[in-house]
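Undergrad: Assemble the complex: chain A is given as a structure, and chain B must be docked to it using the hints.
The listed protein sequences derive, respectively, from chains A and B.
Going by my numbering, the first residue of the first sequence is number 2, and it counts up by one from there.
Going by my numbering, the first residue of the second sequence is number 2, and it counts up by one from there.
Hint data in this document are derived by calculation from the structure and do not stem from the laboratory.
We put the beta carbon where it would ideally sit given N, CA and C, even for glycine.
One thing to keep in mind: the hints can contain errors.
A few chain A residues that face chain B, going by a derived Cβ cut-off under 10 Å, partial list only [unchecked claim]:
| no. | residue |
| --- | --- |
| 1 | Ser183 |
| 2 | Ser233 |
| 3 | Gln236 |
| 4 | Asp263 |
| 5 | Asp282 |
| 6 | Thr284 |
| 7 | Asn302 |
| 8 | Ala310 |
| 9 | Thr314 |
| 10 | Glu318 |
| 11 | Lys321 |
| 12 | Tyr340 |
Protein chains: 2
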Amino acid sequence: MLKCGLKTPVFSDFLNVDIKEMKNDLLIRAAKGEQVERIPVWMMRQAGRILPEYRAVRSSVNGFKELVKNPELICEVTLQPVDILGVDAAIIFSDILVIPEAMGLNYEMIESKGPNFPKTITSEQDVAELTTDVIPNLEYVFASIRLTKSALNGRVPLIGFAGAPWTIFSYMIEGKGSKTFSQAKKMLYTNPVLAHQLLDKITTATIAYLQEQIKNGADIVQVFDSWAGVLSKAQYVEFALPYMNRIAAAITVVPVILFAKDAHYILTEFAQTNASVIGLDWTIEPAAARAQTKGKTLQGNLDPCVLYADKATIKKETEKMLQSFGGQQYICNLGHGVYPDVNFEHAKYFIEVVQDYKL
Amino acid sequence: MLKCGLKTPVFSDFLNVDIKEMKNDLLIRAAKGEQVERIPVWMMRQAGRILPEYRAVRSSVNGFKELVKNPELICEVTLQPVDILGVDAAIIFSDILVIPEAMGLNYEMIESKGPNFPKTITSEQDVAELTTDVIPNLEYVFASIRLTKSALNGRVPLIGFAGAPWTIFSYMIEGKGSKTFSQAKKMLYTNPVLAHQLLDKITTATIAYLQEQIKNGADIVQVFDSWAGVLSKAQYVEFALPYMNRIAAAITVVPVILFAKDAHYILTEFAQTNASVIGLDWTIEPAAARAQTKGKTLQGNLDPCVLYADKATIKKETEKMLQSFGGQQYICNLGHGVYPDVNFEHAKYFIEVVQDYKL
Numbered sequence: 002m003l004k005c006g007l008k009t010p011v012f013s014d015f016l017n018v019d020i021k022e023m024k025n026d027l028l029i030r031a032a033k034g035e036q037v038e039r040i041p042v043w044m045m046r047q048a049g050r051i052l053p054e055y056r057a058v059r060s061s062v063n064g065f066k067e068l069v070k071n072p073e074l075i076c077e078v079t080l081q082p083v084d085i086l087g088v089d090a091a092i093i094f095s096d097i098l099v100i101p102e103a104m105g106l107n108y109e110m111i112e113s114k115g116p117n118f119p120k121t122i123t124s125e126q127d128v129a130e131l132t133t134d135v136i137p138n139l140e141y142v143f144a145s146i147r148l149t150k151s152a153l154n155g156r157v158p159l160i161g162f163a164g165a166p167w168t169i170f171s172y173m174i175e176g177k178g179s180k181t182f183s184q185a186k187k188m189l190y191t192n193p194v195l196a197h198q199l200l201d202k203i204t205t206a207t208i209a210y211l212q213e214q215i216k217n218g219a220d221i222v223q224v225f226d227s228w229a230g231v232l233s234k235a236q237y238v239e240f241a242l243p244y245m246n247r248i249a250a251a252i253t254v255v256p257v258i259l260f261a262k263d264a265h266y267i268l269t270e271f272a273q274t275n276a277s278v279i280g281l282d283w284t285i286e287p288a289a290a291r292a293q294t295k296g297k298t299l300q301g302n303l304d305p306c307v308l309y310a311d312k313a314t315i316k317k318e319t320e321k322m323l324q325s326f327g328g329q330q331y332i333c334n335l336g337h338g339v340y341p342d343v344n345f346e347h348a349k350y351f352i353e354v355v356q357d358y359k360l
Numbered sequence: 002m003l004k005c006g007l008k009t010p011v012f013s014d015f016l017n018v019d020i021k022e023m024k025n026d027l028l029i030r031a032a033k034g035e036q037v038e039r040i041p042v043w044m045m046r047q048a049g050r051i052l053p054e055y056r057a058v059r060s061s062v063n064g065f066k067e068l069v070k071n072p073e074l075i076c077e078v079t080l081q082p083v084d085i086l087g088v089d090a091a092i093i094f095s096d097i098l099v100i101p102e103a104m105g106l107n108y109e110m111i112e113s114k115g116p117n118f119p120k121t122i123t124s125e126q127d128v129a130e131l132t133t134d135v136i137p138n139l140e141y142v143f144a145s146i147r148l149t150k151s152a153l154n155g156r157v158p159l160i161g162f163a164g165a166p167w168t169i170f171s172y173m174i175e176g177k178g179s180k181t182f183s184q185a186k187k188m189l190y191t192n193p194v195l196a197h198q199l200l201d202k203i204t205t206a207t208i209a210y211l212q213e214q215i216k217n218g219a220d221i222v223q224v225f226d227s228w229a230g231v232l233s234k235a236q237y238v239e240f241a242l243p244y245m246n247r248i249a250a251a252i253t254v255v256p257v258i259l260f261a262k263d264a265h266y267i268l269t270e271f272a273q274t275n276a277s278v279i280g281l282d283w284t285i286e287p288a289a290a291r292a293q294t295k296g297k298t299l300q301g302n303l304d305p306c307v308l309y310a311d312k313a314t315i316k317k318e319t320e321k322m323l324q325s326f327g328g329q330q331y332i333c334n335l336g337h338g339v340y341p342d343v344n345f346e347h348a349k350y351f352i353e354v355v356q357d358y359k360l
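Pulled out of the complex, with its shape left as it was, chain A reads as follows (with noise of 0.2 Å):
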């Protein structure tokens, strides 16, 4: 099972990849807005939980760390998606809290409870302490990207990601997960100084990260804001979309796909963005993001309940969905990760039903 060889290969094997090598450049051309001959389809969380493949690999290390720090294991079930369920896009397996920990604050992660960080950030001090020079601090996740991107041969696009900075402040501030994350948007009517300190350097630091995954073979890159949601947006708008609009700006050499959960009330302002992409929820009409999108591709949004039910009833919702968006300027996915107890057969015909939608 393992296809990703031993030797790790050298950095200037990747770089510069020329994208007319790329075997599948769907996600690519739909990205940028250029003409497909069909839809391209990934999903978020593709690599992971529903694949028994990825079971396996999971429970012959210690802990999630262990995997996301083992640059062979990574790229083993980073490709296993591609492998089994034929998606049109590797996602580099990662974790969105990689940042604050190449910044300084240490997390762990508890066994079906999610992440726990033992120190949060309370302070100006402690903001000062942590570093935004976090390249170093993350180079097995480069090392993952160079033996994937080696690995995938150009058989697809390889996907880089980092948490939007919101939602790592969010973490940094909360210490875990949270309904509500009512500490963290404490700070933002408290401290609001403080908060956008914070903000700021992780903004800077998200920067150099998605630069660094792309320098080491990223083909594009997606900023997972998660927990948008839990903002007004008034909020959105004075503490997360200018480091959002920062983070597009900055990524001039590969598209941007911005996804903001449940920040039903910013598809407009991110229209004005640098970012080629929009990723959509579930809860968003696609017509509704069609009209206030214009130029930007879109990116979604199938319930991921829908993999829950039936073949006839995935099939009639997806193409309920695919006719909705139209067939260009997107990219197929669900409206979130695809969740854990979800049958692998039926992820598999799901991508298979886009696979097949003629356009």
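TA: Positioned in the frame of chain A, the structure of chain B alone reads:
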């Protein structure tokens, strides 16, 4: 502190209370779209953990459910925010999960974890076994309403409430709270017929429950769709809206408030129901909501986290919101329940700012 008296008043004392007798009927007039001299204000979850007086009552009983079933204590905690915070309405202290229990599905409230149903609904047989004849099982709620109504003596209106059918359904399938309610949603895709059977029964029970609350003294009722946000618009239209419609159509003697948290996509449809008031969470822009809900009163929608801030910020954010909504056809509230760790002095200040606001 006990203000409710030990003698349970007889039913007829409260039937057909003349609205003109109410000393402060701002909320009712605003709900009906009548002119008001100042904006009425209350807070979702106003009776509860933010008040030391509530915590004293809560710690005097063995568990949450013991409190919910004690009319004397319910009366006391329902009046507390009227006395202490000066809100313009009382809302009967209870729980949305009394309905599944009255239908035959028991739950336990686990300290700092939330509700848990030892048995959930998985089959047609399970649905068939549920009763819609819930009134006899909910006498403790009606007794609480009668007692509270008597103790209020017309000072402010008394709000009755129920969970929305979709939200109640979610708990009955899922058995507990969830980030995604993926099990409940799974049934919508895999067994929509059974889902509708259950939703229909919940709706029948809920209408009877709300009508009985009104007979016993509720001056207005709110339907809480707490988990609306996990549904797509198409799903909400199919599995939630018809039942909200039925409830709004069935309640004709007092105004109805519909509040579907995170269902930003449903405002136009709610505006077509017989409900008088539409509740908004803080992700909805007031102007956008006004444009979609002509003729309805709006309620909401301050971010509950604003109450963490200093008083100057609370005043600034609250007044900005009041200005956006305009003074008429509007009931001021938070965009969700007040968070338990909010300083009650801040909550009180929020109420004062609204009540001091000059129209």
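Undergrad: Now look at each hint and say whether the structure bears it out.
TA: A quick look at each hint next to the structure:
1. Given the 10 Å rule on beta carbons, the hint for Ser183/A holds: about 5 Å separates it from the nearest Cβ of chain B.
2. With its C-beta approaching chain B no nearer than about 5 Å, Ser233/A sits inside the 10 Å limit, and its interface hint holds.
3. Proximity of Gln236/A to chain B holds as hinted, the smallest CB-CB distance being about 7 Å (cut-off 10 Å).
4. This hint holds: Asp263/A has a C-beta 7 Å from the nearest C-beta of chain B, less than the 10 Å allowed.
5. Residue-level restraint check for Asp282/A holds (minimum Cβ-Cβ distance to chain B is 9 Å; threshold 10 Å).
6. This hint holds: Thr284/A has a C-beta 6 Å from the nearest C-beta of chain B, less than the 10 Å allowed.
7. For the restraint placing Asn302/A at the interface with chain B, the shortest Cβ-Cβ distance is roughly 8 Å, inside the 10 Å limit, so the hint holds.
8. Look at Ala310/A: its Cβ gets to within about 4 Å of chain B, closer than 10 Å, so that hint holds up.
9. The beta carbon of Thr314/A comes within 6 Å of a beta carbon in chain B, closer than 10 Å, and the hint placing it at the interface holds.
10. A hinted interface residue such as Glu318/A counts as satisfied when its beta carbon comes closer than 10 Å to some beta carbon of chain B; here the least separation is about 8 Å, so the hint holds.
11. A distance limit of 10 Å between C-beta atoms decides the matter here; for Lys321/A the minimum to chain B is near 8 Å, and the interface restraint holds.
12. Interface hint at Tyr340/A: satisfied, since its Cβ lies 5 Å from the closest Cβ of chain B, which is below the 10 Å cut-off.
Hint violations for this structure: none, all hints satisfied.
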